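Chemist: Protein chains in written order, with numbering that gives the first Met the number 0: chain P, 0 to 90; chain Z, 0 to 588.
Just so you know, the hints here were simulated from the structure itself, not pulled from any lab data. Incorrect hints may have been included.
Only part of the chain Z face toward chain P is listed, based on derived beta-carbon distances under 7 Å [stated by the list, open to error]:
(1) Val47
(2) Tyr115
(3) His143
(4) Gln331
(5) Lys448
(6) Asn451
(7) Lys452
(8) Phe507
(9) Thr509
Predicted model, so just to flag it, every value in this text is computed and none were measured. Cβ atoms here follow ideal geometry from the backbone N, Cα and C, with glycine treated the same way.
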Amino acid sequence: MSQLAHISASQLYWRCRRGMLELDLLLNTFVEAEYNSLTKEDTILFSTMLDYQDQFLLDLLLGKTQSPDATISNLAARIKNACHEKFKLQN
Amino acid sequence: MAAIQRRKFDTLIIGAGGGGLRAALKLSDADASVAVVSKVFPTRSHTVAAQGGMNAALGNVLPDNWHWHMFDTIKGSDYLGDQDAIEYMCRAAPKAVYELEHFGVPFSRLDNGNIYQRPFGGQSQNFGGDQAARTCAAADRTGHAILHSLYQQNIRAKTHFFDEYFSVDLLKDDEGHVLGALVFNIQDGKPIIIEAKTTLLATGGAGQLYKTTTNALINTGDGLGMALRAGIPLQDMEFFQFHPTGIAGRGMLITEGARGEGGYLVNGEGERMMERYAPKAKDLASRDVVSRAIATEIREGRGCGVNKDHVMLKLDHLGEEVIQMRLPGIRQTCMTFLGIDPAEAPIPVFPTAHYTMGGIPTNRNGQVVMPVKDTPEEAIEGLYAAGECACVSVHGANRLGGNSLLDILVFGRAAANHIIGYLAENRYHRSMDESCVEKAMQRFERWGKNSNKTGEPVSVLRDELKKVMEEHCGVFRNEEVLKEGVQKIEQLAERMKEASITDHSDIFNTARVEALELENLMACGLATMHSAYARTESRGAHSRIDYPERDDINWMRHTLYSFENGLDYKPVRTKPVSVDSFPPRPRVY
Ligand SMILES: Cc1cc2nc3c(=O)[nH]c(=O)nc-3n(C[C@H](O)[C@H](O)[C@H](O)COP(=O)(O)OP(=O)(O)OC[C@H]3O[C@@H](n4cnc5c(N)ncnc54)[C@H](O)[C@@H]3O)c2cc1C
Chain P
0 MSQLAHISAS
10 QLYWRCRRGM
20 LELDLLLNTF
30 VEAEYNSLTK
40 EDTILFSTML
50 DYQDQFLLDL
60 LLGKTQSPDA
70 TISNLAARIK
80 NACHEKFKLQ
90 N
Chain Z
0 MAAIQRRKFD
10 TLIIGAGGGG
20 LRAALKLSDA
30 DASVAVVSKV
40 FPTRSHTVAA
50 QGGMNAALGN
60 VLPDNWHWHM
70 FDTIKGSDYL
80 GDQDAIEYMC
90 RAAPKAVYEL
100 EHFGVPFSRL
110 DNGNIYQRPF
120 GGQSQNFGGD
130 QAARTCAAAD
140 RTGHAILHSL
150 YQQNIRAKTH
160 FFDEYFSVDL
170 LKDDEGHVLG
180 ALVFNIQDGK
190 PIIIEAKTTL
200 LATGGAGQLY
210 KTTTNALINT
220 GDGLGMALRA
230 GIPLQDMEFF
240 QFHPTGIAGR
250 GMLITEGARG
260 EGGYLVNGEG
270 ERMMERYAPK
280 AKDLASRDVV
290 SRAIATEIRE
300 GRGCGVNKDH
310 VMLKLDHLGE
320 EVIQMRLPGI
330 RQTCMTFLGI
340 DPAEAPIPVF
350 PTAHYTMGGI
360 PTNRNGQVVM
370 PVKDTPEEAI
380 EGLYAAGECA
390 CVSVHGANRL
400 GGNSLLDILV
410 FGRAAANHII
420 GYLAENRYHR
430 SMDESCVEKA
440 MQRFERWGKN
450 SNKTGEPVSV
460 LRDELKKVME
470 EHCGVFRNEE
480 VLKEGVQKIE
490 QLAERMKEAS
500 ITDHSDIFNT
510 ARVEALELEN
520 LMACGLATMH
530 SAYARTESRG
540 AHSRIDYPER
550 DDINWMRHTL
560 YSFENGLDYK
570 PVRTKPVSVD
580 SFPPRPRVY
């Protein structure tokens with residue numbers, strides 16, 4: 000875990016590069032909007048989430064799958080919300 | 000300069016999508032030493048995004064055979080596809096599906112236990128007759144299932160992966176042999192030379208060339224840029240497929256499956272518009288036909304919304320249950336990115352850049368070929384390409400849905416088969432000339448610590464490039480728009496030479512990666528724009544309003560664009576392997 004605490008913004012940013020445009024949009028929007036306000040715990044959790052398989056992560060973020068872990072569910076909701084906020088402005 | 004680390008393998012595969020992994024597996028299983036380099040973790044390759052499925056004439060739902068599949072693919076290609084390669088692919092398709100099943104892909108089933116097959120655009124029975132059902136799918140996650148199964152199989156077979164390594168350039172000696180590539184580790188910025196007896200490019204497409212696209216950010220045409228810089232021409236780059244049903248303003252795809260299940264398009268007047276453009280196939284006509292229909296409706300003032308800049312895809316009549324069961328991913332996507340539930344309201348759609356039909360010219364063994372003196376297709380020793388970055392050409396001027404997953408698997412495997420034969424005859428690495436390493440290193444260091452620090456930012460040029468491509472080389476093209484596009488992109492390419500980045504660190508320097516990617520996109524843009532400007536006809540995805548007809552006499556030929564020679568052309572291979580040719584006919588649906 001201690002290693003994970005040293006994840007740089009650029010490392011997170013690169014790992015937000017995924018195989019699907021939907022994930023690129025969701026994850027990058029979140030990092031751009033909230034990286035500076037992430038706590039150390041948030042960063043560790045987010046980086047755990049980035050290790051998930053693309054399809055699972057998409058299901059989680061689109062709400063097709065729920066995580067039994069409440070902290071993950073909350074983070075998923077925050078990511079989705081950041082995206083909603085951005086696109087609401089563009090609608 | 001500190002000595003650069005070197006590694007040696009029989010085969011270097013650049014790209015870990017379905018094409019690269021299929022080839023790697025075949026080679027590792029044949030005991031070749033194989034390195035696979037991927038800029039992202041392999042299972043995050045773009046193949047993971049393919050939802051709809053993969054074509055094979057299994058005939059499980061409706062009668063079918065490979066010869067009908069071949070006809071549809073040739074017709075779909077608007078007669079620009081090479082008929083030998085198309086025959087090879089359609090014949091190999093059922094085997095490719097059964098192989099995947101064997102590797103662990105959980106295809107959706109019918110009640111009788113056979114693989115379920117859904118109808119997709121451009122599929123027919125009996126050479127243009129009734130709709131066929133040819134697409135095999137693993138629910139709506141076919142690409143994911145294929146990629147993960149192939150990755151697991153490669154781990155078993157001990158393929159060596161270089162994850163999060165970026166390939167900068169091919170290493171080619173004076174005699175024209177490709178000897179591997181210069182790559183660098185994104186994690187620490189260190190370059191490595193990977194020497195290989197054979198190199199396979201499997202870097203995927205270049206959808207990021209356009210502002211509105213279905214493609215992930217990683218699809219920057221890197222292999223195409225590498226090929227151009229190695230003096231290899233790109234083929235048929237003017238043919239870029241726009242998927243008719245992208246979410247308007249966002250880009251992401253609403254799969255053809257939605258129309259396969261009964262969805263249809265309506266214009267601003269509430270009219271079911273496709274009945275006018277394709278009376279028989281209607282909403283399941285091939286992609287270019289539907290894209291052009293949407294663009295025409297909008298141009299003629301029959302679009303929807305305040306700006307009349309999109310049309311609507313109606314699914315609500317299917318009922319919530321069908322949508323939830325058959326199209327769950329689409330429903331969630333619409334709710335997240337639009338705040339619309341397609342079970343209740345129609346989806347605003349617009350054509351979005353989807354698939355790169357052009358690419359690195361190959362023969363059906365996956366060998367990269369180029370004109371040398373009087374020979375139009377001479378193989379380059381040691382170099383192969385497969386997947387979306389290659390142009391075999393099975394898609395010609397327009398790809399049919401479900402044929403790309405098939406293409407990457409069939410030709411990934413075919414390339415590996417040829418490589419196995421090559422390795423048996425060429426047992427030693429050729430010695431590497433240092434000058435080719437120096438050239439590749441110069442490109443890498445162009446964005447390093449000693450580079451220009453005051454030029455224009457890469458991000459500005461990237462946004463401009465995408466805008467120029469969208470406005471000047473989109474669904475509708477004419478002389479005036481393209482001519483201006485050529486001027487603009489030439490100017491951008493000049494400005495690129497002076498561009499700069501401000502981050503020169505070594506650890507996860509994404510700014511450098513993005514700069515290298517933009518150089519590749521710029522190369523693709525030049526090839527696409529020049530090729531499109533020169534082609535004065537309409538064929539498949541390349542639609543010129545000033546030349547609305549297909550012109551088989553002058554233009555039934557492949558375009559080649561290279562930095563050295565500009566434009567050149569070569570004939571289409573109209574002779575199949577074993578059956579009669581399909582001569583060009585009007586393409587009506
Ligand atoms: C949203 C969407 C849905 C689709 N659905 C379907 C479908 O249902 N059926 C169908 O047949 N087709 C579909 N397609 C098309 C199909 O998915 C792709 O054409 C195909 O997956 C491409 O596979 P590939 O192996 O050629 O490349 P990719 O899967 O794109 O992989 C490219 C690889 O190259 C690597 N790479 C690239 N550049 C570099 C570099 N410089 N250095 C190191 N590594 C590099 C990447 O990391 C990656 O591993 C779809 C496409 C999209 C966009």
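Chemist: Just pull the numbers of the violated hints for me, sorted ascending.
Modeler: Per hint list: 2, 5, 6 and 7 violated.
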